[in-house]
Amino acid sequence: MWTRRQLLGGAGAALAMPLIGRAAEATKPPLRFVAWFMPNGFYRTAYRPSTFGPISTLPSTLANLSPYKDRLTFVSGLRNAGADLAEDAHWGSLGAMLTGHALEVSATASVKNGQSFDQVLASAWRGLTRLNSLELSSEAPWPCSVVFQPDSDREGPLPFESLCAYKSYLSWDGPGRPRPAMIEPRAAFERLFGRVDHPGGDEARARRVMLGQSILDSVMQPLNKWTRNLSSHDRERVEQYTTMLREVEATLATPSTCGITPAQAPPTTTSIETHVQQMHALMNLALSCDETRIITYSIGRAGSERPYQHLGFSDSHHNLSHHADRPEHIQRLLMIERWCADQLSDFVRGLDETPDGRGGTLLDSTLILVCPELDDGNLHTNQDVTYLLIGNLGGRIRSGQHIPAPHSASHTLLLRALLRAYGVPQDDFGPTGTGVLTSVLS
Amino acid sequence: MTARNWSLTAGTALSLVLASCDNTPEPSPPQEAALCDVQSVGALPLGRRDNLTLGRSVEDLLGLPHINISRLPTPSTASGFTNTRLDASGGVSDTFLNEWLNIVAEASLAAVRREERRIIDLASLPELNGARTTIPLGGGRPRLSYMHGSPSLSFALDAPSGGEWQLYLEAAWWLGWEVEENIPDPSDLELVVNGKIVEKWTIEADYDSLRRYQAVSQLRKGVNEIEIVPHWKETQLTQAEWFSYALLLGDLVATKPLSEGGRTVQIATETVDCGPEGPGALRDCVVGPIERLARRAWRSPVSPEQLDPILSVIESAKASGAPIEEAIRYGVEAILLSPRFVFLQTPPSSDGLLDSFAMADLLSNALWRSVPDDTLLSCAESGGLTPASEGSCSIGDQVRRMLQAPGADALHADFVNQWLGLWRLDKAERDPTLYPHFGPETTRSMRMEARRIVMNILHDDRPVLDLIDAPDRWIDSELARIYDASPRGGPDELTPWHDPAGVRLGILTSAAFLAATSQANRTSPVHRGVALLTNVLCAPPGPPAPDTPLFVPDEHKVNPLDALDAHRADPTCAACHQAIDPMGVPLEIFDAEGRIRGEYANGDVINTSAELPNGTQILGPESLVQHLASHPDVESCIAQRLFTWLQGRSPRNADNELLKAMTNGGSPASFGFMIETWAQSPQARCQVRPVE
Chain A
1042 MWTRRQLLGG
1052 AGAALAMPLI
1062 GRAAEATKPP
1072 LRFVAWFMPN
1082 GFYRTAYRPS
1092 TFGPISTLPS
1102 TLANLSPYKD
1112 RLTFVSGLRN
1122 AGADLAEDAH
1132 WGSLGAMLTG
1142 HALEVSATAS
1152 VKNGQSFDQV
1162 LASAWRGLTR
1172 LNSLELSSEA
1182 PWPCSVVFQP
1192 DSDREGPLPF
1202 ESLCAYKSYL
1212 SWDGPGRPRP
1222 AMIEPRAAFE
1232 RLFGRVDHPG
1242 GDEARARRVM
1252 LGQSILDSVM
1262 QPLNKWTRNL
1272 SSHDRERVEQ
1282 YTTMLREVEA
1292 TLATPSTCGI
1302 TPAQAPPTTT
1312 SIETHVQQMH
1322 ALMNLALSCD
1332 ETRIITYSIG
1342 RAGSERPYQH
1352 LGFSDSHHNL
1362 SHHADRPEHI
1372 QRLLMIERWC
1382 ADQLSDFVRG
1392 LDETPDGRGG
1402 TLLDSTLILV
1412 CPELDDGNLH
1422 TNQDVTYLLI
1432 GNLGGRIRSG
1442 QHIPAPHSAS
1452 HTLLLRALLR
1462 AYGVPQDDFG
1472 PTGTGVLTSV
1482 LS
Chain B
38 MTARNWSLTA
48 GTALSLVLAS
58 CDNTPEPSPP
68 QEAALCDVQS
78 VGALPLGRRD
88 NLTLGRSVED
98 LLGLPHINIS
108 RLPTPSTASG
118 FTNTRLDASG
128 GVSDTFLNEW
138 LNIVAEASLA
148 AVRREERRII
158 DLASLPELNG
168 ARTTIPLGGG
178 RPRLSYMHGS
188 PSLSFALDAP
198 SGGEWQLYLE
208 AAWWLGWEVE
218 ENIPDPSDLE
228 LVVNGKIVEK
238 WTIEADYDSL
248 RRYQAVSQLR
258 KGVNEIEIVP
268 HWKETQLTQA
278 EWFSYALLLG
288 DLVATKPLSE
298 GGRTVQIATE
308 TVDCGPEGPG
318 ALRDCVVGPI
328 ERLARRAWRS
338 PVSPEQLDPI
348 LSVIESAKAS
358 GAPIEEAIRY
368 GVEAILLSPR
378 FVFLQTPPSS
388 DGLLDSFAMA
398 DLLSNALWRS
408 VPDDTLLSCA
418 ESGGLTPASE
428 GSCSIGDQVR
438 RMLQAPGADA
448 LHADFVNQWL
458 GLWRLDKAER
468 DPTLYPHFGP
478 ETTRSMRMEA
488 RRIVMNILHD
498 DRPVLDLIDA
508 PDRWIDSELA
518 RIYDASPRGG
528 PDELTPWHDP
538 AGVRLGILTS
548 AAFLAATSQA
558 NRTSPVHRGV
568 ALLTNVLCAP
578 PGPPAPDTPL
588 FVPDEHKVNP
598 LDALDAHRAD
608 PTCAACHQAI
618 DPMGVPLEIF
628 DAEGRIRGEY
638 ANGDVINTSA
648 ELPNGTQILG
658 PESLVQHLAS
668 HPDVESCIAQ
678 RLFTWLQGRS
688 PRNADNELLK
698 AMTNGGSPAS
708 FGFMIETWAQ
718 SPQARCQVRP
728 VE
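Residue numbers (the numbering used here), protein chains in the order written: chain A, 1042 to 1483; chain B, 38 to 729.
To be clear, the hints were calculated from the coordinates, so they are not data collected in a lab. In this text the structure is predicted, and so the values were computed from the model without any measurement. Hints are not guaranteed to be accurate.
Derived coverage of chain B by chain A (criterion: at least 3 residues anywhere in the stretch with Cβ under 8 Å from a Cβ of chain A; other residues may be distant) [said to hold, decoys possible]:
1) 229-239
2) 333-346
3) 548-560
C-beta: ideal position from N, C-alpha, C; glycine also.
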């Protein structure tokens, strides 16, 4: 099995290097953000502390996080605004998780959604790291299959069509522009640390890097004639394409300086167990090498039906979440949740064991926002979610607490508070209102 | 049902469409403008082409065998089809572009080489000598399956120059599960060139992909006789073993390095001699091939202003020390990175009617999921592919030609996959204690059969309703196990079969559909019912009420059908389930990999009879198939789904006229008829742009 630990053994002490570089040189300590999405939510009594106030014992699902109890903050009572948009909460929760936007279908055939929390940070921190952000998932989104009667005269998409996008993406660039996650650990590794072999060898690689932008210029510049007949909206898309392509080309031209060699890439796997572990190892590497400071990760897709056969049973996760209070189903559901939470705990421990070059560890500067898809998978509800924050950003967040929030208020209250904690205040973040859940701030 | 001549009837349907749009009797240019006023035509935002189309386009454009697109993120879709353009990014993201840059670099590396190359696809040889073509396991183009005892295979290779060539053959052998372990490897192969044995290979087993077997041989300029001679090892095989004991052959590839320091380069499918070095020499020799590549990649004429910067990049790469082939690669990369290649839509002319080139683009994209071929491009160049065009460049003639061409495999490779949600089989798992034989090869066989069912209906121009109730099936060793047929065939080795019991009719009783609608450890009558209502009847049920607990019976303890009855007793549930359940319950006789079973795990006999809301009794799978085959909505539902796949959006009210024409007013319609009717319609030919 490919793990970060094993990789460290191979790479020697190279890992400490980059943090002494860019990150340590900055005048302000760098902060980091990880969103960690849990499909189908968590079974409440094994995940939410039974009382508000200081945390005494952790609920059973999170038992392995006990060493970090003082750096955990539970926030309960908020409503994921996206759940309002559909009869089925699965459709809206993921897309709204970091944006707070409920579904809106426009007349011009585009999916509306706001910029997501991670991308607000990415805009503010633009250029500080080689990759502004990294989107990962251990399960590809659903191809949407929805069919419609030809009974509509409306221009543009029908509500369900837009819902497909909401059900598929956690991170959004801006109104209506989703950022799909990478699903293959090996592909993510290559994005971070380069390809095993550059086709054409080293000399060719150097020339390709040198010529990169002129290759793009040669086809982008004479586009005017082609775009003349396009609408302003379509022209904008072409411009977005060319701008993004130039940025990605530039990223490829600047290799990582972390000392991880392409030969250390994780082997391809079909085991979900290995996949999830590889993704967590990569997240640790990406942060410790300071390749990026922002990661969004989904351990499974929204409404995931994946079986976890290595736990000794083959029921679909989604089916088990509709346990109808049957004890044997709840028991299996809890095994899945515990396994997922244990992967998260291992990741947290890894961060806490990685020095940050300032005398602390990566965990001191990282906040992990645990994002449950639903507050109750059995009932498909999303009105009283418990968000879990791990890491207190060097004391900026009031941790060791279970904090009550105004019942059924939008979870954007929490996201706005976190933006303040990051020093990127945006009190009008989200579609409506300006409230901030200041009780989570120290 | 009988096959019909749709080429004649399509014309009739076209006049219906025209008549419905405009009542003036004589076709005239103003009428063309009016054609595009049809409200339904609508506007689609610009978006990139889907992963499959990008991959197939690069393969066809550069003459490469297989482009790996598995890392490209799947864009969010509308209407269940990946080619529909919806999300506001147009499907473009950092993740996509990162992978796209990698794909383009690798494809250019493979396509531009200082070598001459000839590729012979053995599966497309005119004389196969008893061997069979089969669809490969993981999808893609057909391969040759070469059975034990088959004679040698002869064909001609036309070499552009004489001398020493390197050859390789893609091959692997495969043993099905019926074959005893002590049976020897099936054969050695000899490669004979112009009557002389040049190499003898021992072919290895490989279950995932074909391996390359190398040889070196002198070839003469012009025609060379190539023979592949098998030496089958003496062995006694049972019939079952014989079927599971095959050699799979892919391409024979011949390459000849062009002289060291020379200036001859293979650019995609062309060999170019750049002659002696000198000012402008490189530009002069690549301008032709680069212009032709760009024209086909961008599906439109390329002006000198567009071409010049690409040629300049090639020249400056050369000036900075790159070998000639590397320099040319950067030009190929530029062509593939242009939004004109990546994006779907070519702007129409000012009146909204697609011009000849845009029409060639539309047809190749819709029917082949690829770029136009030379024939389509020359039709476009000569102003064909318009309603006024006659003869071989008329829309009708081209559509008919295209549907018989290899590229039309998009319909069975892609349409049916998306229509019936067979993508669910991609990473499907089964509980090994319940389904010990289930593995990746099982789902590949399932998908192959589903493709074959559609392929034959398309090629023989049979009514689309044959999808529902035709008895033709194709099985290999895996499917023989599932269908309880006498064992036959190896992997990739589909042989025709009819179910003697008459239960397996149409694609809905295929293992592919039955498994795609099941879970790891059980079937789901509800899921199957919803899938039929949604995809076959186009009458999707509403979502469950918010607080409805999901129906998850434990088959080991209770009879799922009893549990379903109880569920339906609740009036809230009954509203939808009285329509869903009778579609799914009759298929309960098939387990989660599509095998027939008699009872549930708790010992209860499975009762597959059900009652429709109108009181009609459905008495098992045969009865369900009969019900659907005679249901008036099924054909029009297939037309709706096909329309969505072709058009890139769901139908609206204003498309009803076209949908009616596609179903031929109630007479059985074939895929060919439906597709041609669509291609002639204003919906296909007009692309009104959004108002500024």
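Consistency of the hints with the structure:
1. 229-239: It is violated, with 0 qualifying residues against the three required.
2. 333-346: That given contact holds, which follows from 4 residues of the stretch 333-346 of chain B lying within Cβ reach (below 8 Å) of chain A.
3. 548-560: holds (count 3)
In summary, the one numbered hint that this structure violates is 1.
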